[in-house]
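A.B. asks: Go ahead and model the full structure; you've got the sequences and the hints to work with.
Same order as they appear, the protein sequences are chains A and B.
Just so we're aligned, residue 1 is where the first sequence starts under the working numbering, counting upward by one.
Just so we're aligned, residue 113 is where the second sequence starts under the working numbering, counting upward by one.
None of these hints come from the bench; they were simulated from the model.
Some clues are possibly wrong.
[As the list claims (entries may be wrong)] The following label-pair restraints were derived from C-beta to C-beta distances:
no., chain 1, residue 1, chain 2, residue 2, range
1, B, T138, A, N38, 36 to 44 Å
2, A, G97, B, S181, 18 to 26 Å
3, A, Q14, B, T125, 41 to 49 Å
[Claimed, not checked] Pulled from the structure, derived: some chain B residues nowhere near chain A, Cβ distances all over 10 Å:
no., residue
4, T138
5, H153
6, G175
7, K182
8, T183
9, E191
10, T198
11, Q206
12, F217
[Stated by the list, open to error] The calculated DSSO-like cross-link candidates involving lysine-lysine, where the alpha carbons are at most 27 Å apart (straight line), are:
no., chain 1, residue 1, chain 2, residue 2
13, B, K182, A, K26
14, B, K165, A, K99
15, A, K56, A, K70
16, A, K69, A, K56
17, A, K56, A, K109
18, A, K99, A, K56
19, A, K70, A, K26
20, A, K99, B, K169
21, B, K182, B, K123
22, A, K99, A, K26
23, A, K99, B, K182
24, B, K165, B, K182
Here the structure is a predicted model, which is why all the values come from computation and not from measurement.
Virtual Cβ for every residue (Gly too), placed ideally from N, Cα, C.
Chain by chain, the residues run as shown.
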Amino acid sequence: SQQGEEDPQALSIQEGENATMNCSYKTSINNLQWYRQNSGRGLVHLILIRSNEREKHSGRLRVTLDTSKKSSSLLITASRAADTASYFCATDPTGGGNKLTFGTGTQLKVEL
Amino acid sequence: DAGITQSPRHKVTETGTPVTLRCHQTENHRYMYWYRQDPGHGLRLIHYSYGVKDTDKGEVSDGYSVSRSKTEDFLLTLESATSSQTSVYFCAIQPSGSFGNEQFFGPGTRLTVL
Chain A
1 SQQGEEDPQA LSIQEGENAT MNCSYKTSIN NLQWYRQNSG RGLVHLILIR SNEREKHSGR
61 LRVTLDTSKK SSSLLITASR AADTASYFCA TDPTGGGNKL TFGTGTQLKV EL
Chain B
113 DAGITQSPRH KVTETGTPVT LRCHQTENHR YMYWYRQDPG HGLRLIHYSY GVKDTDKGEV
173 SDGYSVSRSK TEDFLLTLES ATSSQTSVYF CAIQPSGSFG NEQFFGPGTR LTVL
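C.D. replies: This is the structure:
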């Protein structure tokens with residue numbers, strides 16, 4: 001399997017704190033994406049970073065990519081209770097066609 | 113959920129029975145996908161389609177078949193359901209011309225095989 005892995009599997013923080021989750025993958029990629037999944041719902045695309053980019057921002061989200069280490073991190077700043085969800089990274093492998101490979105996810109709980 | 117519907121949303125069936133799940137999209141996107149989601153495994157690709165009657169296998173295709181006779185519908189069939197196919201099934205589409213293969217997901221179908 002070419003699945004990526006997220007770390008940690010679960011994370012619990014207080015509202016207002018920052019949350020960092022990491023993703024490691026195995027193959028060369030065109031891009032890496034992060035998705036959020038609220039309980040009982042489908043995944044929602046958050047942000048995409050291309051293989052030639054090192055950092056990208058979108059609102060309270062900051063994503064980094066280190067292709068030499070085959071790893072990425074997602075930082076959510078000033079977290080809110082509404083950020084409670086599972087977060088998945090997905091890689092678009094080089095030569096993989098129009099298919100994504102998803103990681104196993106990080107469950108984030110933001111407490112009031 | 114980006115104009116994607118899945119039916120049924122919940123189903124309980126018995127081992128050995130056939131089951132068909134339907135994914136319907138309203139925007140004529142070329143690429144459609146079926147995933148299953150299980151604890152500890154994330155999402156795993158079952159089958160995908162790149163056009164009407166054009167389909168291919170994913171990572172976990174054994175025991176599943178698909179059909180796409182119309183652009184808007186992508187059907188997933190379990191010919192003879194087994195308990196190991198108890199899972200949540202998600203359909204996804206990739207908008208035509210999307211920059212980086214971003215996908216948009218349906219609400220999911222929770223299938224229980226007894």
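A.B. asks: Now, for every hint given, state plainly whether the structure supports it.
C.D. replies: Status of each hint after checking the structure:
For T138 (chain B) paired with N38 (chain A), a C-beta distance near 22 Å fails the hint of 36 to 44 Å. Roughly 22 Å separates the CB atoms of G97 (chain A) and S181 (chain B), a value that falls within the hinted 18 to 26 Å. Restraint check, Q14 (chain A) to T125 (chain B): a C-beta distance of roughly 43 Å satisfies the suggested window 41 to 49 Å. Every beta carbon of chain A lies more than 10 Å from that of T138 (chain B), the smallest distance being close to 15 Å; the non-interface claim holds.
The Cβ of H153 (chain B) sits about 7 Å from the closest Cβ of chain A, inside the 10 Å cut-off, so the non-interface label is violated. Distance check for G175 (chain B) against chain A: the nearest CB is about 17 Å away, which clears 10 Å, and the non-interface claim stands. With 10 Å as the threshold on Cβ separation, the claim that K182 (chain B) sits away from chain A holds: the shortest Cβ distance comes to roughly 20 Å. With a closest Cβ-Cβ approach of about 16 Å to chain A, T183 (chain B) is found to remain outside the 10 Å limit, as its non-interface label requires.
Interface exclusion of E191 (chain B) from chain A stands, the closest Cβ pair being 24 Å apart, more than 10 Å. The non-interface label for T198 (chain B) is consistent with chain A: the shortest C-beta to C-beta separation is roughly 16 Å, beyond 10 Å. Its beta-carbon lying about 6 Å from the closest one in chain A, Q206 (chain B) breaks the requirement of being farther than 10 Å from that chain. For F217 (chain B), the shortest C-beta to C-beta distance to chain A comes to about 3 Å, within the 10 Å cut-off, and the non-interface label is violated.
Between K182 (chain B) and K26 (chain A), the direct Cα distance comes to roughly 36 Å. Violation of the 27 Å bound is thereby established for this hinted pair. Annotation: proposed proximity of K165 (chain B) to K99 (chain A) holds, straight-line Cα distance about 18 Å (limit 27 Å). For the suggested pair K56 (chain A) and K70 (chain A), the alpha carbons sit about 16 Å apart, so the restraint of at most 27 Å is met. For the suggested pair K69 (chain A) and K56 (chain A), the alpha carbons sit about 17 Å apart, so the restraint of at most 27 Å is met.
The hinted pair formed by K56 (chain A) and K109 (chain A) meets the criterion: a straight-line CA distance of about 24 Å does not exceed 27 Å. Proximity of K99 (chain A) to K56 (chain A) is assessed by CA-CA distance (about 22 Å); at most 27 Å being required, the pair is judged to hold. Restraint check for K70 (chain A) and K26 (chain A): the C-alpha separation of about 7 Å stays at or below 27 Å, so the hint holds. Restraint check for K99 (chain A) and K169 (chain B): the C-alpha separation of about 11 Å stays at or below 27 Å, so the hint holds.
Taking the CA atoms of K182 (chain B) and K123 (chain B), the gap is about 24 Å. The hint holds against a cut of 27 Å. A C-alpha spacing of about 15 Å is found between K99 (chain A) and K26 (chain A), which places the hinted pair at or below 27 Å, so the restraint holds. Our distance criterion of 27 Å between C-alpha atoms is met by K99 (chain A) and K182 (chain B), whose separation comes to about 21 Å. For the given pair, K165 (chain B) sits about 8 Å from K182 (chain B) by alpha-carbon distance, which is consistent with the 27 Å threshold.
The earlier numbered hints that this structure contradicts are 1, 5, 11, 12 and 13.
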